[in-house]
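Chemist: Model the full assembly from the supplied sequences, consistent with the hints where possible.
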Amino acid sequence: MTNKIYNMPDDKNPRVPMAEHPFRHMVEVQMRFNDTDMLGHVNNSVYMGYFDLGKTQYFTDVAKGIVDWGNINIVVVNLNVDFFAPTFINEQVAVLTQVVSIGQKSLTMEQRLVNVKTGQVKCMARTVMAGIDLHTGQSQPIDADWVDNISTFEGRILTNQVTK
1 MTNKIYNMPD DKNPRVPMAE HPFRHMVEVQ MRFNDTDMLG HVNNSVYMGY FDLGKTQYFT
61 DVAKGIVDWG NINIVVVNLN VDFFAPTFIN EQVAVLTQVV SIGQKSLTME QRLVNVKTGQ
121 VKCMARTVMA GIDLHTGQSQ PIDADWVDNI STFEGRILTN QVTK
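Start counting the sequence shown at 1; every next residue gets the next number (my numbering).
Because the hints were derived from the structure by calculation, they are not lab data.
You may find that some hints are simply not true.
Said to hold, decoys possible - Straight-line C-alpha distance at most 16 Å; calculated EDC-like pairs for lysine to aspartate or glutamate: (1) K64 to D145; (2) K117 to D52; (3) K105 to D148; (4) K4 to D61; (5) K117 to E91; (6) K64 to E154; (7) K117 to D10; (8) K105 to D143; (9) K117 to E28.
Modeler: Here it is as structure tokens:
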């Protein structure tokens, strides 16, 4: 599978770190009126929903549309979000998503909400997801098929890399 690389215009904010790898996945977000707060910008709690949309579509695309969501065997165990600029309802935004590393029992994702026209990074999230046995609730290695499919999608070997 050949994936497009999404090159956004550079964000001029010095607080926004450069991405270590190009993003190969983007999903546009349709904001709703109730996503905004009294100040007229997107409420900080809403961003997690945007990132969930990005993760869901990312895994669907990695699996070529075949995902048994009732038996997905990875869960979010850590989520950190940095906010850089407010997002307003009249902006066209998208979530960029990538897996940056895969360990034996976990993977780390980076996601950015960006203004599609300007490239301004509104916020970014780093999420750790762990493999889980759905019957016992115990951790387990990430499924080898997922590792292979994600590495193929990202166009690089992701295992045995140190997570920041």
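Chemist: Compare the structure with each hint and give your call.
Modeler: Evaluation of the provided hints:
no., hint, verdict
1, K64 to D145, "holds (12 Å)"
2, K117 to D52, "violated (22 Å)"
3, K105 to D148, "holds (14 Å)"
4, K4 to D61, "holds (12 Å)"
5, K117 to E91, "holds (9 Å)"
6, K64 to E154, "holds (14 Å)"
7, K117 to D10, "holds (11 Å)"
8, K105 to D143, "holds (9 Å)"
9, K117 to E28, "holds (12 Å)"
Checked against the numbered hints given earlier, this structure breaks only hint 2.
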